[in-house]
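Novice: If you read the sequences in order, they're chains L and F. Taking the numbering used here, the leading residue of the first sequence gets 123, the next gets one more, and so forth. Taking the numbering used here, the leading residue of the second sequence gets 123, the next gets one more, and so forth.
Be aware that one or more of the hints could be misleading.
Restricting the straight-line Cα-Cα distance to at most 30 angstroms, the calculated cross-link-like pairs of lysine-lysine (DSSO-like) are [stated by the list, open to error]:
#, chain 1, residue 1, chain 2, residue 2
1, L, K482, F, K394
2, L, K450, F, K445
3, F, K327, L, K327
4, F, K327, L, K187
5, L, K456, L, K394
6, F, K482, L, K456
7, F, K394, F, K445
8, L, K450, F, K299
9, F, K299, L, K440
10, F, K440, F, K299
11, L, K456, F, K445
12, L, K440, F, K394
13, L, K327, F, K187
Restraint ranges, calculated between C-beta atoms of paired labels, are given here [what the hints assert, rightly or not]:
#, chain 1, residue 1, chain 2, residue 2, range
14, F, D519, L, G483, 56 to 62 angstroms
15, F, D519, L, G216, 45 to 51 angstroms
16, L, E139, F, T454, 17 to 23 angstroms
17, L, P259, F, S390, 47 to 53 angstroms
18, F, L276, L, E139, 40 to 46 angstroms
No lab work stands behind these hints: they were computed from the structure. Glycine included, each C-beta is placed from N, C-alpha and C at the ideal position.
There are 2 protein chains.
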Amino acid sequence: MSRGFKSLTNVDAAVAEFLSRIRHRPPAVEVPLSEALGRYLAEDVVAELDVPPFDRAAFDGYAVKSADTLGASRNNPVILRLVGSAGPGRPYGGRLNDGEAIEIATGAPLPEGADAVIPYEEVAERGSYIEVYRPVPRFYYVSRRGEDVARGELILRAGARLRPWDLGVLASLGVAKVSIYDVRAAVISTGDELVELGQEAGPGKIINSSRFVIEGMLREMGARPDYLGIVPDEEAAIAEAVSKALRDHDIAVTTGGVSVGGPDHTFSAVAKMAEWSVHGIAVRPGRPNSAAVVGGKPVVMLSGFPVAAVVGFEVFAKPAVLKMVGAKPEPTPKIRGRLTRRITTPINVRTYARVRVYSKGGAIYVEPLAVTGSGILSTLVRGNGVLIVPENREGFDEGDEVEVELLRAVEET
Amino acid sequence: MSRGFKSLTNVDAAVAEFLSRIRHRPPAVEVPLSEALGRYLAEDVVAELDVPPFDRAAFDGYAVKSADTLGASRNNPVILRLVGSAGPGRPYGGRLNDGEAIEIATGAPLPEGADAVIPYEEVAERGSYIEVYRPVPRFYYVSRRGEDVARGELILRAGARLRPWDLGVLASLGVAKVSIYDVRAAVISTGDELVELGQEAGPGKIINSSRFVIEGMLREMGARPDYLGIVPDEEAAIAEAVSKALRDHDIAVTTGGVSVGGPDHTFSAVAKMAEWSVHGIAVRPGRPNSAAVVGGKPVVMLSGFPVAAVVGFEVFAKPAVLKMVGAKPEPTPKIRGRLTRRITTPINVRTYARVRVYSKGGAIYVEPLAVTGSGILSTLVRGNGVLIVPENREGFDEGDEVEVELLRAVEET
Chain L
123 MSRGFKSLTN
133 VDAAVAEFLS
143 RIRHRPPAVE
153 VPLSEALGRY
163 LAEDVVAELD
173 VPPFDRAAFD
183 GYAVKSADTL
193 GASRNNPVIL
203 RLVGSAGPGR
213 PYGGRLNDGE
223 AIEIATGAPL
233 PEGADAVIPY
243 EEVAERGSYI
253 EVYRPVPRFY
263 YVSRRGEDVA
273 RGELILRAGA
283 RLRPWDLGVL
293 ASLGVAKVSI
303 YDVRAAVIST
313 GDELVELGQE
323 AGPGKIINSS
333 RFVIEGMLRE
343 MGARPDYLGI
353 VPDEEAAIAE
363 AVSKALRDHD
373 IAVTTGGVSV
383 GGPDHTFSAV
393 AKMAEWSVHG
403 IAVRPGRPNS
413 AAVVGGKPVV
423 MLSGFPVAAV
433 VGFEVFAKPA
443 VLKMVGAKPE
453 PTPKIRGRLT
463 RRITTPINVR
473 TYARVRVYSK
483 GGAIYVEPLA
493 VTGSGILSTL
503 VRGNGVLIVP
513 ENREGFDEGD
523 EVEVELLRAV
533 EET
Chain F
123 MSRGFKSLTN
133 VDAAVAEFLS
143 RIRHRPPAVE
153 VPLSEALGRY
163 LAEDVVAELD
173 VPPFDRAAFD
183 GYAVKSADTL
193 GASRNNPVIL
203 RLVGSAGPGR
213 PYGGRLNDGE
223 AIEIATGAPL
233 PEGADAVIPY
243 EEVAERGSYI
253 EVYRPVPRFY
263 YVSRRGEDVA
273 RGELILRAGA
283 RLRPWDLGVL
293 ASLGVAKVSI
303 YDVRAAVIST
313 GDELVELGQE
323 AGPGKIINSS
333 RFVIEGMLRE
343 MGARPDYLGI
353 VPDEEAAIAE
363 AVSKALRDHD
373 IAVTTGGVSV
383 GGPDHTFSAV
393 AKMAEWSVHG
403 IAVRPGRPNS
413 AAVVGGKPVV
423 MLSGFPVAAV
433 VGFEVFAKPA
443 VLKMVGAKPE
453 PTPKIRGRLT
463 RRITTPINVR
473 TYARVRVYSK
483 GGAIYVEPLA
493 VTGSGILSTL
503 VRGNGVLIVP
513 ENREGFDEGD
523 EVEVELLRAV
533 EET
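My request is simple: use the sequences and hints to build the entire structure.
Specialist: Below, the structure written as C-alpha cells:
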C-alpha cells in the first residue's frame with residue numbers, strides 16, 4: 123500500500139501534457155436541426171442561399187422607384203399612383219412602372235422595378251395616389267437580398283457549440299441536417315463500498331452518487347454519457363472495463379481507485395495500457411484525480427469523493443472533450459465580492475473553495491463555507507460559488523476583493 | 123391598418139404587470155433522477171437519511187480509540203495492537219477494544235469502539251503493533267455520520283433548477299425520483315410568408331427559422347417546447363390555435379402578427395381573450411413584442427423577426443417561466459470592456475446592441491456590430507455579446523467602459 127503521493131504535478135503542466143497527447147476525434151453524425159442544440163459542429167457551414175432570399179420592405183409604407191422622387195419637396199410634391207399592395211408571402215404580381223407605387227408591409231418582397239420603401243409617416247395618401255415630399259435614396263428602408271448572410275459566406279465554424287440563434291441561422295439557410303460530433307463518454311464507477319441508487323445499502327455501503335454528478339456534467343457540456351456500472355476494486359476487472367469501454371467511446375471517466383495512499387487499482391490498471399499518465403495533481407480538493415491517454419483517447423480517473431470529482435472533471439475531462447471537438451471553453455458567470463473571512467490555502471496547490479455569495483446593502487460578499495473533507499457534496503448545494511485560489515497564493519485575507527465563479531444566483535439578504 | 127404604436131410601454135413596467143397577473147403553476151411530475159437535470163424542483167427536498175450514513179475514515183491510516191492515545195509522546199509512545207483492517211465497503215467485523223487498532227482506508231466505516239483515525243504519516247508500524255507519538259482528539263480524521271447532510275434537513279427548495287451536483291446530493295440521500303415542474307410550452311408561428319424548413323420556398327416565401335430559436339431558448343431554460351406549426355395570418359385561426367394550445371400547455375409563445383403598423387392579427391386575437399395585455403414595448407430591436415395573460419397563463423407574442431424575437435423572449439418569456447416555477451434567474455456570463463466606437467440609441471428605449479468582444483494586448487474591447495434591421499440574425503452568430511443600453515442613456519461614447527453579456531468566448535486577436 124503506497125503511503126501518499128511523493129510529489130504532486132502542477133495542474134497546468136499536467137493538463138497541457140494531457141491535452142497534447144490526445145489524438146482522437148469523436149465520430150461526426152448527421153442529426154436534424156431540432157436535435158443539434160448544445161452539440162458541436164463537426165464541419166464548417168457555408169451559406170448556400172442568400173438571407174434574406176430577396177429584397178424586402180424593412181418598414182410598413184409604400185414601395186416606389188427612388189428615381190421618381192427626385193426633386194420632390196413640400197411645395198412641389200411628387201404624385202405617385204397606387205397600383206396594388208404586397209404583404210409578407212403575398213408578393214405584388216406585376217412590375218412597378220414609372221410614376222407608380224404600391225402599399226407594402228414589412229417583410230414583403232419588393233416588386234420588380236421598385237428600389238425603395240417610404241414609411242407611411244413620410245407621405246400623404248390621397249385616395250388612389252400618394253404625395254411624396256422629399257427625394258429618397260435607393261434602397262431606403264429596404265432589406266437587401268443577402269444582407270444578413272450572403273451565399274458562399276462561412277457562417278459557422280467546425281467546433282462551434284450550437285446555441286438557439288445558430289439553429290435559426292442554419293434554418294434560414296435551408297440547412298435541415300447538420301453534422302455534429304457525437305461525444306460518447308463512458309462512465310465507470312469503482313469502489314467495493316458502492317451500491318446503486320435504489321438498492322439496499324448494507325453495512326458500510328454507500329450509494330453511488332458520483333455517477334449522477336459526472337453524467338450531468340457531461341450532458342451539460344454536450345457529450346453523451348453512457349454509465350457502465352460499478353466495477354469491483356480489482357486491477358484486472360478495471361483494466362478490462364476501461365479497455366472495453368474505449369472500443370466504442372471517445373473518453374472514459376472513472377471514479378474511485380485513485381485514493382491517496384489507499385488502493386489505487388484504477389490508476390495501476392490504466393497506467394499499464396496508457397502511452398501517458400499522471401497520478402495525482404496539486405489541487406484541493408481532489409489531489410488523487412489522475413489522467414491518462416490510451417490509444418490517443420483520454421481517460422480521466424476521478425476521486426471517489428464527489429466534490430473532488432467535480433474539481434477533477436473541470437480540470438481534466440472538460441478540456442479533453444473541448445480539445446477533441448475543437449471547441450473553446452464557454453464563458454462562465456463570475457462576480458467580484460468582498461471576502462467575509464480569511465481563507466488559508468497551501469502554497470503550490472490550486473484550491474477550489476466553495477463559497478456563499480450574497481448581497482447586502484448594495485455590496486457583494488463572499489463567505490467561505492466551512493468544510494472538513496472532500497466528501498462534503500452539500501457545500502456545492504448550500505453554496506452558490508467557487509473561489510479558485512491560485513498556486514502562488516496562500517489564501518486571501520478578510521476584506522480582500524475576490525472573483526468567484528457563480529453556480530447559482532447571488533443570494534439577497 | 124394601424125399607423126404604428128402611439129406610445130410604447132416601458133419594459134420594466136410591462137414585465138412587472140405581466141408577471142403579477144400570472145396565476146398558473148405547471149403540473150408537477152415524478153421523473154427518475156437521471157432525467158431531472160436542468161429541470162425545476164416542484165417541492166422541497168428534506169433529507170430522509172444521514173450523509174455519510176455512518177462515521178467513516180477521512181484519511182488512510184489506523185482507526186483507534188482516542189482515549190488510548192492520552193499521554194502519548196515521542197519519548198513515551200503508546201503501543202496499540204493491530205487486530206484487523208477495514209476498507210470502503212469492507213467493514214471490520216468486530217468491536218475495537220482498549221489498546222487495539224485496525225488499519226483503515228479512506229471511506230471505510232469506523233469500527234464500533236473507535237473514534238479517531240491516525241494517518242500513516244503520524245505513526246510507526248512495528249509488525250503487528252503501531253507506535254503513537256501524541257494524543258489525538260475524538261473524531262480526528264473522521265467524517266461524522268450526517269456531517270454532509272443531516273436527516274431532517276431541508277436540502278433543496280422547490281424552484282431550484284437541478285445542476286449535476288444537486289443530483290449527486292439527491293442520490294446520496296436515496297432519492298431515486300424527484301417531482302419536477304413539467305413546463306409545456308406551445309410554440310406557434312404565424313405569417314403567410316413562412317414555409318417549413320425542408321419545404322420549397324416559393325416566390326416571396328421565407329423559411330420559418332424563428333421556431334428553432336424559440337424552441338432552443340425554451341429547452342436551454344428547462345422548459346419543454348411543443349411546436350404547433352404555422353397558423354394563417356387570420357384572427358380567427360390564431361385565436362383558435364392559441365386557445366387550443368392553452369388547454370394543455372402552460373405558456374404559449376407566438377411569432378409574427380404583432381408588426382408595427384402592419385397586420386397585428388395575433389395581438390388582436392389574443393387581446394380579446396385576455397384578462398390583461400400589452401401591445402409593444404420600448405425596446406430595440408423588438409418594439410412589437412407583446413404579452414398577455416389568458417386564464418392566468420402567459421401568452422408571449424414575439425416579433426416575426428428573429429433578433430427581435432430573441433429580445434422579446436428574454437424580456438417576457440424567460441421571466442414568465444421562472445415565475446411559474448418559483449425560480450430565480452440564473453447568473454449570466456458578463457465582461458467589461460472598452461467600446462471601440464460610439465453607439466447612439468434613442469432615449470426612453472432599452473436597446474440590445476449586438477457586439478463583438480475581443481482581447482488585444484491584455485485589454486478587452488467591445489465593438490458594436492453594424493446593423494440595419496432586426497432581421498439580421500447573423501449578428502448573434504458573428505458577434506459574441508450583447509450590450510444592453512438602458513432607457514436613461516442615449517448610448518455610449520467611444521472609449522467608455524461597458525458591461526456586456528457574453529454569448530460565446532471572447533475572441534483572441
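Novice: Range first: 47 to 53 angstroms. Now tell me if the beta carbons of P259/L and S390/F are that far apart.
Specialist: Because 35 angstroms falls outside the window, the suggested range is violated.
Novice: Given the hinted pair K456/L and K394/L, is their alpha-carbon gap at most 30 angstroms?
Specialist: Not OK: K456/L and K394/L at ~40 angstroms, beyond 30 angstroms, violated.
Novice: Check whether the Cα positions of K482/F and K456/L lie no farther apart than 30 angstroms.
Specialist: Distance of about 21 angstroms is within 30 angstroms: holds.
Novice: CB of L276/F to CB of E139/L, is that within 40 to 46 angstroms?
Specialist: Holds, at about 44 angstroms.
Novice: Measuring from beta carbon to beta carbon, are D519/F and G216/L in 45 to 51 angstroms?
Specialist: Given about 49 angstroms between the Cβ atoms, the range holds.
Novice: Is the straight-line distance between the alpha-carbon of K327/L and that of K187/F 30 angstroms or less?
Specialist: 23 angstroms, holds
Novice: Is the straight-line distance between the alpha-carbon of K327/F and that of K187/L 30 angstroms or less?
Specialist: 23 angstroms, holds
Novice: K394/F and K445/F were given as a pair; does the straight-line alpha-carbon distance stay at or below 30 angstroms?
Specialist: With a Cα-Cα distance of about 24 angstroms, the restraint between K394/F and K445/F holds, given a limit of 30 angstroms.
Novice: Under the criterion that the straight-line Cα-Cα distance not exceed 30 angstroms, is the pair K440/L, K394/F satisfied?
Specialist: At roughly 51 angstroms apart (the allowed maximum being 30 angstroms), K394/F and K440/L break the hint.
Novice: Are the Cα atoms of K440/F and K299/F separated by 30 angstroms or less?
Specialist: OK: K440/F and K299/F at ~26 angstroms, within 30 angstroms.
Novice: Run the distance test for K450/L versus K299/F: straight-line Cα separation, threshold 30 angstroms.
Specialist: 35 angstroms, violated
Novice: Given the hint that K299/F pairs with K440/L, test it: the Cα-Cα distance must not exceed 30 angstroms.
Specialist: Given pair K299/F, K440/L holds - Cα atoms ~28 angstroms apart, limit 30 angstroms.
In this structure, the hints that do not hold are numbers 1, 2, 3, 5, 8, 12, 14, 16, 17, in rising order.
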